[in-house]
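The residues making up each chain are set out below.
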Amino acid sequence: MAVLPDLSVDIGDLKLKNPVITASGTFGYGTELTPFFDPSLLGAIIVKGLSLRPMPGNPPPRIAETPCGLLNAIGLANIGIQAFIEEKLPVLTKIEAPVITNIYGHTVKEYADLAKKIEKVEGIAAIEINISCPNVEKGGIAFGTDPDTAAAVTERVVNNTTKPVIVKLAPNVTDITTIATAVESVGAKAISVTNTILGMAVDVTTRLPKLANIVGGLSGPAIKPIALYLVHKVVAAVTIPVIGLGGIMDYRDALEFLLVGARAIQVGTANFVNPKTAIEIVHGLTDFCSREKVSNINQIIGGLKTM
Amino acid sequence: MAVLPDLSVDIGDLKLKNPVITASGTFGYGTELTPFFDPSLLGAIIVKGLSLRPMPGNPPPRIAETPCGLLNAIGLANIGIQAFIEEKLPVLTKIEAPVITNIYGHTVKEYADLAKKIEKVEGIAAIEINISCPNVEKGGIAFGTDPDTAAAVTERVVNNTTKPVIVKLAPNVTDITTIATAVESVGAKAISVTNTILGMAVDVTTRLPKLANIVGGLSGPAIKPIALYLVHKVVAAVTIPVIGLGGIMDYRDALEFLLVGARAIQVGTANFVNPKTAIEIVHGLTDFCSREKVSNINQIIGGLKTM
Amino acid sequence: MLADQSLVLKAPRYTFGYGKKMVEETVALKSNQQIGKNIWLMEFRSTLLASHAKPGQFLMVHLGERTKDPLLRRPFSIHGIQEGDKVMILYNVVGAGTSLLSSLKEHDIISVIGPLGNGFALPRPSERAILVGGGIGLAPLFFLAQVLQKDQRNTVTLFLGFSTSQEVVRIQQLEELGVNLSLTTEDGSLGFKGIVTDLLDQRLSNKGPIKSVIYACGPPQMLKKVAQKATTLSLRSYVSLEGYMACGLGICLGCAVKAAHGETKPYYYVCQDGPVFPSGMIDWEVL
Amino acid sequence: MLADQSLVLKAPRYTFGYGKKMVEETVALKSNQQIGKNIWLMEFRSTLLASHAKPGQFLMVHLGERTKDPLLRRPFSIHGIQEGDKVMILYNVVGAGTSLLSSLKEHDIISVIGPLGNGFALPRPSERAILVGGGIGLAPLFFLAQVLQKDQRNTVTLFLGFSTSQEVVRIQQLEELGVNLSLTTEDGSLGFKGIVTDLLDQRLSNKGPIKSVIYACGPPQMLKKVAQKATTLSLRSYVSLEGYMACGLGICLGCAVKAAHGETKPYYYVCQDGPVFPSGMIDWEVL
Ligand SMILES: Cc1cc2nc3c(=O)[nH]c(=O)nc-3n(C[C@H](O)[C@H](O)[C@H](O)COP(=O)(O)OP(=O)(O)OC[C@H]3O[C@@H](n4cnc5c(N)ncnc54)[C@H](O)[C@@H]3O)c2cc1C
Ligand SMILES: Cc1cc2nc3c(=O)[nH]c(=O)nc-3n(C[C@H](O)[C@H](O)[C@H](O)COP(=O)(O)OP(=O)(O)OC[C@H]3O[C@@H](n4cnc5c(N)ncnc54)[C@H](O)[C@@H]3O)c2cc1C
Ligand SMILES: Cc1cc2nc3c(=O)[nH]c(=O)nc-3n(C[C@H](O)[C@H](O)[C@H](O)COP(=O)(O)O)c2cc1C
Ligand SMILES: Cc1cc2nc3c(=O)[nH]c(=O)nc-3n(C[C@H](O)[C@H](O)[C@H](O)COP(=O)(O)O)c2cc1C
Ligand code: FES
Ligand code: FES
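Protein chains in written order, with the numbering used here: chain A, 1 to 307; chain B, 1001 to 1307; chain C, 2001 to 2287; chain D, 3001 to 3287.
No wet-lab data here; the hints were simulated from the structure.
Each statement offered as a hint is correct.
Calculated lysine-lysine pairs in the PhoX-like style (CA-CA distance at most 25 Å, straight line):
no.	chain 1	residue 1	chain 2	residue 2
1	A	Lys88	C	Lys2021
2	C	Lys2021	A	Lys276
3	B	Lys1116	B	Lys1094
4	C	Lys2258	B	Lys1305
5	D	Lys3021	B	Lys1094
Covered by chain C, per the in silico footprint, the following chain D stretches (three or more residues, Cβ under 8 Å):
no.	region
6	3067-3080
7	3094-3105
Computed footprint of chain D on chain B; a stretch qualifies when at least three of its residues, placed anywhere within it, have a C-beta under 8 Å from a C-beta of chain D:
no.	region
8	1029-1035
9	1063-1069
10	1265-1277
For each residue, glycine too, the CB sits at the ideal point set by N, CA and C.
Put together the whole structure using the sequences plus the hints.
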């Protein structure tokens, strides 16, 4: 009888049964897609970005489609950390997959306060810090584009939690490795690459921007080659695990990221197109490994050849 | 009888009969697409990037397709400035549209030497400096990502020519406006935004990068929202004209760039998909202006409304 | 993808998002034909969808596996159910997605997710149902008329407005349903000349002896007028809204509409809180 | 786009890029059918293409206006011309582009650019033509066989290799042309068991009394062996190469292949200098 390939990976101390994670903001609070599959089968779940207080988000239109891409300016709408802990977490903790909270703040202190709040509750496996959201005016962008500020936020979060801290980087920088090494040096346990890329679109009939916020974040297949390159660069620059994302639609896309060295991957926009994407990637990777006689997914990770 | 709308625009002292320009590296040396249309009908033509000496380019594969995008690592293959002047220019000058040479060098001096050579010949209306090509190891990337270096190159070219100098910016920077204002301050007459964005792709079957060069430049519709946002930012930061490009496939795409304030636009990858794209955009803009009762295209430029 | 086709795939240990019933189903088209100016009618069979769908609910339609452009699914109201299991979509070809959809032929395969959102709250037995549709806004109202006529508990009056006669579709089928139908076209090429809300104003000058409920679907400006009219006459009214949707499932938070002042939330989400809203819930100033 | 359909649209004051004859034409498909395992045959009518195309030349096929993914045109050899103006393309469904192509039906519209590149240099009247094809490499050889058989000046021998019998297509038509045909399959399910170059080795142990010219199309490894064989026997040989193409028109410089040592250029461009090359021009070490 054929033995199933071992898909498990380690993100620092965090053990995932497979490298497939759902990306923040694209999987709700974790249980919305249960009519389609059992989230317990996933490597991990990252919930919608949370802030100290509930946030209403931007006025509509908040989304626009571009060629093979999605522009969004949701404005980090969320129910706030308190409501999340009280209303969502109790159900979420029944899922047999690690739950990771994604957090953002407007000041370093807000990040620290969020970390403290999360530290106190059980059922949260790790914290992913969004230092890169381009949507909120005084939000992420400032933190994510400068190595010192990125390190400052990371350090404060690390100092206020015993949970592993993952830093999610912004792509809109000249040299992403400077940010990556900066957050690594202050205790980040992993790095997620990449958040959305700044973009805009115009409705030529009305002559209005397609987003009320004018500028939004681009995600989806359009950005895959850019994300893959950024992951490739960051993998070479740090020793902590890198989690790759950006435009992953199927297991072949996931393999591209694993081959360049991502230890795990996240599925974002694809969840909207096909809510079963993440689970189909798990199956796809299993089949691929069986077919290619790879007994352990770690043999794929970083396995890019050169000509 | 209906009067045709006036599509002419000024790029500094350069008068274009319409704002449609073909982008460097996507229109050969200017006459290859004459079986499809008369290039004299275009606003201007920018030829393949030229260097002091002929360049063989990168080993194949040099291109790979990505979702709605094209990755290329041509390696700036070109016949060299001398062969261009002797073999290509005589035919090109018969075209009744301004010919713009795109140049790149490995040192500031090379840029200056190219400017001197071009200064001596007639039939070249302007020089576009590529400070952003991500393909050649010691090439553009270094110049385009730092305001001082970008300014240094620009200044040397400006000092060695009486022709208008257009600087073509690299998108892979934290704040493109710092580069834009730097080159403006040393005498650039216009700015082209944007060159390709760094990216990569992997063939999961062979586990090899899809490009021999590993990394390439992403172009095509995938990057349009990113390019549009960069143009929007640069338009706000400088007073010289901005030429917009990145993923323009039809006149509606062109209008998006004009609405955010681009004075002219360039057509790149689209030439490969439909060699008549540029001329169809000229026709499309004409029809649009007629339909919308716009007598002069300048009424469209920068005409973005806000909610 | 059809492997797990039970309507609600209960995972063992926790309840579902919103406890909603929905499926992702891969269906083969029965037909897909142009029936008016830029207007197409698509039909496919699905017992699951047909037996659970309520008027006003919608489907997220995937445009095919062969391309990633357009990327996202497109939302369409359920236009009606026929022959027990035949689901209909009535759509306007307005852009790349609907153009691609219109290129599909009989036997072509699409994936649909649904039924999604909240349908129309049905009228009480004694009430008169006034359905007001602008253009493709007819789509969900046909299904509502179907259900109401089947129940035979309410008089159904339908006001439909189009720009021009070439857009007027599905009239024969509506007449077969036996509803009271009034048509307007902006160019006067068919029916009353003008916009549908003008006709509504004329015909609905007062509440009348029987209490009415208004159901409306169409462009925002039309819905706003209908909502105002309903307020003036103190009638209940329900509007079916559109909104840019990435997911249709309540996870992207893309489809926000501003809630009326005094509501408990700043925004409602069309896919989840709607697409049908009591008109009082919406902030009409910014729609 | 069909407005200016003269074969060479001479602009008045300057000559064309490469002085090549090419058109962009929008054609309606006559047929598009699966004829083997993953192999399809597409047919459309074009007097312009049919009357100017030479064996070995190719077309850049646009996959339809409705989507931008896949973005680029795809290159396909002209498989043959029939009934005066019927152009054929024989293709393998290998990825997104060819999959999309295979979904097109009769009457669907595509845009093609061609004829592009240099065709096969025809043999001298006395020479024997040996055609060697691997898999879909049959595509341009059929057209070459058609032309040679029509001219009746050369004996044509065709060696075709496939993985398995399900891939073997167009045999009846080749037999109707009256060529000498030898088949190999790797699994031995039809014809000689093995790869086509092994059979070639057997049959072509020496030059023979009549001078031969070899024409080959297929995977790089096969072409390399054919080129070596030709060198050993001091025969002229022409290979039709593939290469990743963005434009097919000589403007992107994407389709480079390394030139043999001693050639004047470091790279040749498949779309412009090829796709057919005398095998000596290519650096087989790096292909
Ligand atoms: C709940 C719901 C039910 C719907 N039911 C139907 C229906 O039954 N029949 C029907 O024809 N249409 C319906 N629509 C609208 C339909 O979804 C859009 O027309 C379609 O998605 C357009 O896709 P496209 O790619 O062709 O157009 P695009 O190229 O995306 O856009 C073309 C034009 O349509 C506008 N548009 C696109 N999507 C939307 C949207 N979601 N809301 C408002 N404007 C939009 C764009 O701004 C643009 O002006 C419904 C929308 C929603 C949200
Ligand atoms: C001059 C020329 C003539 C050709 N003639 C024919 C023909 O007559 N019949 C036919 O079936 N095919 C022919 N091809 C190959 C054909 O163009 C490709 O198979 C097709 O473009 C693949 O498109 P896709 O989107 O389906 O595959 P993709 O998804 O783009 O790729 C699928 C697989 O095919 C490989 N591939 C794709 N394009 C090429 C290419 N240009 N060269 C080499 N490998 C490639 C990829 O690496 C990948 O492994 C020809 C190619 C050239 C350059
Ligand atoms: C609608 C939407 C909402 C998002 N919200 C968040 C968020 O709250 N926090 C965050 O870190 N990233 C957020 N993201 C970014 C995604 O997690 C992901 O980094 C990005 O979309 C790229 O991946 P993709 O191309 O697979 O979607 C959001 C993305 C989308 C499309
Ligand atoms: C194959 C190819 C070759 C290119 N060569 C050059 C070049 O030589 N010099 C240059 O400045 N830009 C070059 N570019 C960049 C284009 O001019 C343009 O900036 C970029 O492709 C974005 O526009 P697009 O999306 O319309 O193609 C090249 C692009 C492509 C695709
Ligand atoms: S469409 Fe995604 S939340 Fe409504
Ligand atoms: S394919 Fe563009 S130069 Fe050959």
